[in-house]
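Novice: Each of the two chains sits in its own frame; use the hints to bring them together as a complex.
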Amino acid sequence: MFINRRLRQLNLKIVYYGPAMSGKTTNLILIHKRANPDVRGELVSLKTNEDRTIFFDYMQMELGKIGGLTPNFHLYTVPGQVYYAATRKLVLRGADGVVFVVDSQAGRLKDNLESWDNMKRHLHELGLENIPVVVQFNKQDLPGAAPVPMLRQFIDVGDYPLFAASAIQGVGVFDTLKAVITSVLTQVSNQVVSKRPA
Amino acid sequence: MFDLPAGLDLSMEQLDQIDRCLDEMLWETEAHCILLADISGQLISEKGTTQGMNTAVLSALAAGELAATNELARLVGEPARFKLLLHEGERQGVYLSDVGEEMILVAVFDISTAIGMVRLYIRKIVKDLLAITQTPPPPKPSKQNHNDGLLSTDDLDDLLSTRFDAFFNGE
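Residue numbers (this note's numbering), protein chains in the order written: chain A, 23 to 220; chain B, -2 to 168.
So that you can see chain B by itself, here it is in the shape it has in the complex (with noise of 0.2 angstroms):
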């Protein structure tokens, strides 16, 4: 297992209740999609029809719009954040929420979906998040190799003195 000191690290007991909590608001809202992702934009789970859509650069924009849109909360005098945003398309609806301090929720929305519902969904979500991420995860169990998989020099010379030239090698 990995076992870092910083940054966001669920366990795959969390991790499976966050796909489960998705899984309910996908059903009971019928989204599109729902994504989580860190506040820097980093990919945590996706729930719905995803294909086609880029995922990864669609949470970096989310994740930078709703620091933008922090800020001009602060810049404007709000004590407290602009917690939620809402995109309207033409056919599909894009809300954007903070999930505390360290998570951000994508959903896209058929245009006609109640917002009202969308907005009640999302704060219960938005809770039930909370709950689970920020329950400290079980005790890991103490085996020797517990720390399976970490990045050893070796490792590491590996990538960067034989293979890291060979994923640069295009035009």
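Okay, chain A solo, but in the shape it has when bound (with noise of 0.2 angstroms):
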């Protein structure tokens, strides 16, 4: 988070996290493609010459004044492959809130199980651990999709929100964006708050 006063402008980090092909990157063309204009930045993908993301996609997007205040969210995703950790740890450096996209089918969960693992190991080394977290069990619409009741035995969400989508077809997405940034918000309110002198 850096808050720029001369703009009156809180800035807050969103990395989308998750196992190989899970659908980040699909989740933020969506929301970039149907973002208006005017809110939105460019949306940058640093991929592989099979379009698999190499480092990280990234944009940016600010949702007009509340309050005094322009919340400009930067949104990353993560490259999901087992050998990118390093990489995946240096993309949550000074996130403000992350989306754990799922990937649903039944033969994908070691996947998830590892990715989540290595999320919760890298926040923790990050001193993270209290950020929002929003889980997207993403793929739903597969015919080889396990429902979410079922995932949820194997991957430990505890009380985080959690949200069945199908990025491809938008489903969810949108659902998954607005619980994280309302979190992430209530997050920042919370700490306003809990600092102000009895």
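It is worth saying that the hints were derived from the structure and are not from the lab.
Using N, Cα and C, we set each Cβ at its ideal position, and we do this for glycine too.
Don't take every hint at face value.
Which stretches of chain A does chain B cover? Using the computed rule of at least three CB atoms under 8 angstroms from a CB of chain B, they are [said to hold, decoys possible]:
#1 76 to 90
#2 176 to 188
#3 198 to 212
Here are the computed lysine to aspartate or glutamate pairs in the DMTMM-like style, where the Cα-Cα straight-line distance is at most 20 angstroms [as the list claims (entries may be wrong)]:
#4 Lys200/A - Asp152/B
#5 Lys111/A - Glu98/B
#6 Lys80/B - Asp152/B
Specialist: See the structure below:
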């Protein structure tokens, strides 16, 4: 989080995390496509020749004023492949909130669990274990998708907000985004309130 | 005033001092532009000619690149971090530098500029910027509305229930 007092801007970083091919970039592409051009910045993708994210995707959006502040959200994805673990941790630096994108296909359970543990460990190592996390169960439209209650039995999502989604069909993408924005802004507000003198 | 416990929160005085620092470097080195961002790539200040340049994206990429460089240093067993990174193009050069633990500096130069001089100025400005940002801001006046502009529950509700969908009504 960086507060630019001159512009009265509250800069917040949200990272889409999850295993390879779970739909993180698809989420961002859809958000960018549907966002009004006057609230969104350019979508930048650092990817390989095979269209796989190698470093991150990035876009920013400014959702108008709240009170006297203009929250400016910086959305990132991480590369999902196992061997990019170091890169994922770098992108998580300074995050204010995380969306964990689960690939709901039954055959991807092990990859989801590995990525989830990876994320929890990185958040802990970066001192970010208390930032809001929202979980999106993506690819629910596919025939081989496991239902959310079943996936919850394996992935220890605790009390985090959950959303069933099909990012490619646009289902659940904006509910997820709204939830993470709500959680991040609420956390910021609570921090302010808890710091106020009695 | 906003009074948040985490993240980089610079006072107006500090921002003015930072701007003066960047202006001085711009003048002395004839850089095309200089950006200061936090380590997650969020822009703090920019000076010089940035028209047609997406500085938000530039600072996000620079932050990612410096973070990767520091990880490279760790992997090859370098005890200190690689603090400075130079890209040389045909017409321009880009310098990236850490500014302590929390900020990064990006300087875009004409390729004809003497590299040694740029390096010297970057070292100097890094010291100056650290001195500015590490000085605790003066105590805030104890006005009742010192948190003027705070995110209230009503404001949040208004954004999320009324205005949110309107932001995403594109194709």
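Novice: Regarding the pair Lys80/B and Asp152/B, is the alpha-carbon distance no greater than 20 angstroms?
Specialist: The given pair, whose Cα atoms are some 42 angstroms apart, is violated under the 20 angstroms limit.
Novice: For the segment 198 to 212 of chain A, do at least 3 residues have a Cβ located nearer than 8 angstroms to some Cβ of chain B?
Specialist: Since three or more residues must qualify, the claim that chain B covers the segment 198 to 212 of chain A holds, with 7 doing so at under 8 angstroms.
Novice: Check whether the Cα positions of Lys111/A and Glu98/B lie no farther apart than 20 angstroms.
Specialist: It holds: about 16 angstroms lies between the C-alpha atoms, which stays within 20 angstroms.
Novice: Given the hinted pair Lys200/A and Asp152/B, is their alpha-carbon gap at most 20 angstroms?
Specialist: 15 angstroms, holds
Novice: Is the listed coverage of the segment 76 to 90 of chain A by chain B valid when you require three or more residues with a beta carbon under 8 angstroms from a beta carbon of that chain?
Specialist: holds (count 10)
Novice: According to a criterion of three or more residues whose C-beta lies within less than 8 angstroms of a C-beta of chain B, is the segment 176 to 188 of chain A covered?
Specialist: n = 0 at 8 angstroms, threshold three: violated.
This entry does not satisfy hints 2 and 6, going by the numbered hints stated previously.
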